[in-house]
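> The lines below spell out each chain.
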Amino acid sequence: MSDRIADPVRFIDERTAAAPAIKKALRYLFPDHWSFLLGEIALYAFIVLIATGTYLALFFEPSVAKTVYHGSYAPLRGREMSEAYKSVLEISLTYKAGLLIRQTHHWAADVFMASIVLHLMRVFFTGAFRKPRELTYLIGLLLLFTSLLEGYLGYSLVDDLLSGIGLAIGYGVLLSLPFVGGPLGILIFGSTFPGKGVFESRMYIAHVFLIPALLATLIGLHLALVAARHHTQFRRDRRHTQRRLVGVPMFPGQAPRSLALLLIVAAVLFLLGGLVQINPIWQWGPFEPWLATNGAQPDWYLGWLIGALRLMPSFDVVVGHYTLIPNPFWGGVAFPLLVLFVLGAFPWIERRLTGDRSSHNLLDRPRDAPNRTAFGVAFLTWVFLVFVFGASDRVYVLFGLSYETLLTAFRVAIWVVPALAFLVVRRLCLQLQHADRIEERREEAEQEAEREHAERVRRREPVL
Amino acid sequence: MSRPAQSPSRRRARPLGAGRLLAMAIALVPVGAGVALAASQNGIVRPTYEPPKPTVALGEELFNANCASCHGIGGTGIEHPRATAGDISGAGPSLKGVGAMAADFYLRNGFMPLENIHTQPGRRRVLFTRKEIAALTAYVAALGNGPGVPHPQPGGGDISEGFKAFTEDCAGCHQSVARGGYVTGARVPPLQKLGPTEIAEAVRIGPYLMPRFTSHQISDPQLNSIIRYVQWTNRPDNRGGWSIGNLGPIPEGLIAWLAAIVLGALCLALGKRFSA
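Top to bottom, those sequences are chains A and B. Taken in order, the first sequence gives residues 1 to 464; the numbers are from our numbering. Taken in order, the second sequence gives residues 1001 to 1276; the numbers are from our numbering.
Pairs of lysine to aspartate or glutamate residues, derived as EDC-like cross-links and limited to a Cα-Cα distance of at most 20 Å, are as follows: (1) A:Lys66 x A:Glu83; (2) B:Lys1096 x B:Glu1079; (3) A:Lys23 x A:Asp7; (4) A:Lys196 x A:Glu288; (5) A:Lys131 x A:Glu350; (6) A:Lys196 x A:Glu61; (7) A:Lys96 x B:Asp1237; (8) A:Lys196 x A:Glu83; (9) A:Lys66 x A:Glu90; (10) B:Lys1272 x A:Asp237; (11) B:Lys1272 x A:Asp32; (12) A:Lys66 x B:Glu1161; (13) B:Lys1131 x B:Glu1050; (14) B:Lys1272 x A:Asp364; (15) A:Lys66 x A:Glu80; (16) B:Lys1131 x B:Glu1198; (17) A:Lys131 x A:Asp368; (18) A:Lys66 x B:Glu1168.
None of these hints come from the bench; they were simulated from the model.
Model the full structure from these sequences, guided by the hints.
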């Protein structure tokens, strides 16, 4: 019996000499804290994305050639549309499990982005980005922003009404780049908007091959760097130090847990895909440049850019008769680049401000670094308010606040609220630190009293 | 500022209009040429005796008592708001030549009477009885030569034609699945509760900010198709599951974040916390 296992293992080991590496991998230690699993959610959502995306690519037709629909869906019968849109209609309405897979793919994309944001928050607020992990952190940010582009392309490929409106906005932002905008727009779209057939195939190859390959490479690099420098950990007791990692080994500790999480993530995504409708393109209809629908929105992860475009006061930078910087540049290009820059430069900014240049394998609790935590919350609030304004028309419909009032209120609130958040959160952190010190002193006093008590018992003195 | 449309079934008198309209009723008694008038609880002023059939005469009495403060005596319109009797500074367009169609549309959906001239007219509780509306409509129709109430036949329309025409002419404001939304200066109503006649009237009249479409722009057969599509949006094909309002990415984003937070909470169950 044992030979049946031992022989093949020996066969492989003799030819790969992988035993030491595998042994090391199986003994790799994972810190035992729930928040380290947030990044894994993103990883497993990515796996679901690859799996469902592969199925969809089997049926999708990346072509904007015109055709006429004669399928089962009555409201679109006899309508002229692109091959791309028609193929997604067929995936959604005709092919077996097509709609389940398509909806799961879309939900997975939305949840993927949300879990990256949660993971980023964990990393930021615990100071996990500090030396020696700045590179891991930068690659993570690159992953986030590349995923934004990947999601946008997926949303745009379908050539439904929302796709087209989204691309029109993206094209406008592209043209707003000073000097190079116009030529770059023509270069990428193949002509002026809505572009020629070449653009659809460019988006397609980028969405299904180039960017996923880039994402996979970056994920590999991200994980390799995590493993190379090992995980960070919280200081829970004296065993956790800068030089000693306490945790569970890959096997038999972490692997079953990760596997369980993979299955949970896949289960939640497929449940959503089966039960909750997402992007019902048959209800939007095909795109034509002269068509629009009220309430057209991008997927949530681009909502902050729509909000920025809407909030930006209307002005262009004009030199003579030449528009140097058209308005969409500020909300669509400058704002996200600023956010990326602030997040990316933060480890170095913090080092400069605190003068702390040492390596950190132990994590801070958010309260341990009041300035960082307060700044993080303020920054997040800033971006979040801009994001909320991206849905201002719905806010109007829901709460009846006039759009003009909302606009003015948000233009003030995006500066005032983060400032207040900074002050409140900083104060809160300091108070929590203070409470910790009181608790420490109380514990010390208690231990002292216990020692004294024991001493008295030992000396047979009267016990009070 | 607008309010969400109230369903006609809700039976609650709006207090705002009542007092003002009562005051107006007292002021207008002499104008009513000896006809006894009384304000009902919901603010509508009606003669103490209404004939059993809707007549133009009844329409005139009701008009003078309830509409003339804004539309002027005889429906001539009041261009500039001015304080008239009972503190009401009304202003409103002339109704000469608007025909039965406009009167029928505005009254039968509760767009009129308006509680405030700055309010966007919208679907509200209908305050007049069916007979009174018929009388008022007959009176307004008699003011001048205007279009009659249309009689669309959505059964003869084509749903695919309707979806296409709706996307081209209506969805820019009313949204692809007719769920409404916001345009600068107005709230766009969802269209699910409208009947065929009301849709046809709205298209031909163009209430508030909505443009009006003549039969050159949208032919009667096209209009039938559009109405057929709008009625279809009452129960659109939501084969993907829960429709979350057919509103697109905003509710989808909320659900996605909910899922991410649930997954985060499940991590709590899988991993350890400080207390453990």
